[in-house]
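Here the protein sequences line up with chains F and E, keeping their order. Residue numbering for the first sequence follows the numbering used here, starting at 15 and increasing by one per position. Residue numbering for the second sequence follows the numbering used here, starting at 35 and increasing by one per position.
Some hints here could point you the wrong way.
To be verified - With a straight-line Cα cutoff of 27 angstroms, these simulated BS3-like cross-link-like pairs (lysine-lysine) come out: (1) E/K298 <-> F/K295; (2) F/K160 <-> E/K298; (3) F/K295 <-> E/K379; (4) E/K298 <-> F/K192.
Hints listed in this document are in silico derivations from the structure and should not be mistaken for laboratory results.
Each chain is listed here by its residues.
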Amino acid sequence: MTQEDKKIEVKGSNLVRRNFFLRMLGIGTACAGTWVGSGNLIARAQSAETAAAAAPKIPDYDWNKHKWAFGVDATRCIGCLRCVEACKAENGVTQDAHHFRTWVERYVYLEGDERAHVDSQSDAQNIAASGSEKEFRFDNRYKDAKIEKAFFVPKLCNHCTHPACVQVCPTGATYQTKDGVVLIDHSYCIGCQYCVQACPYGVREFNHVLGVTDKCTWCYHRITKGLQPACVEVCPVEARVFGDRNDPQSPISAFLRNNRVSVLKPETGNAPNVFYVGIDKEVC
Amino acid sequence: MIGTMAQAAPYVGYVYPNETDIPWSVLIVIYPYITGLVAGAFIVSSLYHVFGMAQYKPVARFALLTAVSFMFFVPTPLLLHLGNPQRAFNAVLTPHWTSAMAAFSYVAGFYICLLLLEIWFAFRADIVALSKTTRGPLGTVYRLMTLGSDDVSPRALALDHKFATVLAMIGIPAAGGLHGYVGFLFGSVKAREWWSSDLMPIIFLLSAIVSGIGLLIVLYVVYSRIRKVPVDQDCMKGLARTMWAFLLVVLVIEGLELLEMFYKRLEGIDMVQRLIEGPIRYGMLIQWGGSLIVLALLTVLIVFRVEGKALVRGLVISGVGMMIAVLAMRWNVVIGGQELSKTMKGLLVYYPEILSHEGLVAVAIVFTCPFVVLWLITRFLSPWEPEPS
């Protein structure tokens, strides 16, 4: 790591920490709002759709000038799942254990085992441990086991360079922006779910209230205002890194420069733009 | 029902969290199934209209009406499945051409037009006759259907026959394209290990033809019973041979595909094996067991030159058997593909709903509609040759 990169990283992390409490406050408020409004999910979802349709044009944002990318340092992730909850609150994702824009997988190799035991926060035992499908945690099932190796892997939409989901969409409702983000026009999606089938990473989920497909947008509404995606913002260990590849000073550029990265399922030819450090051959 | 999720699919192993909400329900099982019946029925009519095989003449026109009756309902399961069916025309008006699905309305629309045109030419003489003998509103309908042409001279009829033949010739690749296309919809999804096969279009097409012939045999026998006329033996023998040939080829290709898959033993093959032994075991048993039994039965009927009532009974059993076996094949592909997790580390189990708009009752209604429409159409336009007095 060069001296310059260290400076960028420290600067970035200070900014993240400074904003963290402020953001948590904001997310807490958003959570409270969501909780209060959850009685009428349909009305809320419909108003979200209306709001999206009426969204003002973002001033001073030129999508030709950016190339967004995401990094995940799995060696840092502690499986606290703040990212999952922040994402749900920020984006109004269905509050149950079957719809996620991002999630975290736990890989555990017990002594003598050749294959990892894998689960995510959706696992029935983990849901039982949290006691809710709105708050998430990993249970302590390996408390007495002899663990050889264990790690967490955050997952989210890979915003692929050649997205299979965009290729199969019959209406063009899902599309790729110039800055490399794959989005869905909810007012044009017919809800056929062909894209759900086509995504090799299982990141697309169906919003049954609106009858449309939904997915991670890298918090497009935030990043186009200079903010970080909610999951990056709340990550207490900086396991998630986000930024503009066109900017050599950005955290993601430093991340890609200083690490040997890999992507998930490269054989699909989708060319993902989420880059991983510290994942194992078992990661699916 | 929009606004609710079907029961989350139970699973073993590790599956991605979103996968428990199975995207394509039993309605999407019935979609390629109905399309396949259309393709099969059409091929039989073409055997007479294009290849001049006179033994198929008794069912040639009936096969056309069967094809169009089922074709009308091909889009129904798709529409019922959509989250926003009112936006279905988005895919027609602004198709996104890199999507195989975007071509559906054009492929299906073209095929319906082709079928209707061919039916018009094949039935024109009847329509003209009916327009002259029928009174009341129905007579007006017949008169409108003549499109102002009531020339039934031998020269005009010969021209009709020529047009019908040309349309049938176009119809063969169109039917092949329609159903091969459905296979492509599945085969091109690289994210699904169980679907992603280059052989999918050809397997879909051949099995479609087999199921369509099966349907035609059953319907022809039932209609003959209702009309109290004997079943044409030559026609039945021909149908037996055609079904046998297509069935044999499809079984060989499907068998080779499985053999290759297990011989190559690519990563994830253990989970494929567990899928076959687990969630779709009964489906596979019905598909393969049913197909092999029908193949054996057809072989016996052909080799021992069985005739008369025994031939009819044997063929009806074969027809029903193939319709069930191919339905099971559709289930195994559509549902099986989604039960195999994209993680290749887990399996889900899909349980169809009963009463929702994507449930079994809806499927039963959708599948009953073509039979009702066919009945009505045959009342309106009889496809049967007049009995010699």
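Original post:
Which numbered hints turn out to be false for this structure?
Top reply: Failing hints, ascending: 2 and 4.
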